[in-house]
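J.: Sequence:
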Amino acid sequence: MFKDQVTLVLLCLFVAFSVNIVAQCNSEASNAQCVEKITASNTFVKSYKLDGARTGDVEFSSVLVKDTRYYLNLCEEGVVSDNVVINVYDRERKLITSNKHDQSILPELSFNCDHTGIYYFVFKKSSASACGIGALSFSR
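Residue numbers (the working numbering): 232 to 371.
Please keep in mind that the hints were generated in silico from the structure rather than gathered at the bench. It is possible that some hints are incorrect.
[What the hints assert, rightly or not] Restraint-style ranges between C-beta atoms, simulated for each label pair: (1) 274 <-> 334: 16 to 22 Å; (2) 325 <-> 272: 25 to 31 Å; (3) 263 <-> 326: 15 to 21 Å; (4) 342 <-> 271: 16 to 22 Å; (5) 325 <-> 296: 14 to 20 Å; (6) 371 <-> 333: 28 to 34 Å; (7) 323 <-> 272: 29 to 35 Å; (8) 335 <-> 294: 17 to 23 Å.
Here the structure is a predicted model, which is why all the values come from computation and not from measurement. From the three backbone atoms N, C-alpha and C, an ideal C-beta is built for every residue, glycine too.
Construct the entire structure; sequences and hints are all you get.
T.: This is the structure we're talking about:
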């Protein structure tokens with residue numbers, strides 16, 4: 232009986248200390264923060280969620296329209312972020328623009344779309360704790 236109780240206690244301790252606790256990524260605060268940054272002259276298109284559980288590259292795609300200026304604001308946990316590099320590629324995977332310039336990372340980027348078609352947004356997260364969104368908007 233005593234041996235069974237010790238085994239049960241050890242098993243409970245093993246399970247308790249081996250479970251990884253992963254914080255929830257609250258992108259709602261980030262979404263509201265980024266949408267506020269969009270000026271009255273811009274139109275909000277979409278937000279891209281950066282899940283805090285993954286590191287490395289996260290890719291999203293969108294169809295963009297020629298002769299339109301696009302903006303991408305980055306927010307992390309409700310604060311403007313300079314912790315995530317974004318590269319924008321055209322349909323042929325040619326780099327169009329990035330928010331990384333001269334070793335500094337800008338919290339937003341803007342670019343003119345020269346051709347209608349699919350574009351890829353690659354978010355390069357430096358850590359798993361990066362949790363937020365990229366908000367895409369445009370103006371003509």
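J.: Run every hint past the structure and note whether it holds.
T.: For each hint, the structure was consulted:
Distance hint check: the CB atoms of residue 274 and residue 334 are about 33 Å apart, inconsistent with the given range 16 to 22 Å. Under the hint 25 to 31 Å, the C-beta atoms of residue 325 and residue 272, about 29 Å apart, fit the expected range. Range check, residue 263 to residue 326: about 30 Å between beta-carbon atoms, so the 15 to 21 Å window is missed. For the pair residue 342 and residue 271, the beta carbons lie near 20 Å from each other, so the given range of 16 to 22 Å is met.
Range check, residue 325 to residue 296: Cβ separation about 18 Å, and the 14 to 20 Å hint holds. Between residue 371 and residue 333 the beta carbon distance is about 30 Å. The supplied range of 28 to 34 Å therefore holds. Residue 323 and residue 272 have their C-beta atoms about 31 Å apart, which keeps the hinted 29 to 35 Å range intact. In this structure the hint that residue 335 and residue 294 lie 17 to 23 Å apart at CB is violated, the actual value being about 30 Å.
Violated hints, in rising order: 1, 3, 8; the structure is consistent with all others.
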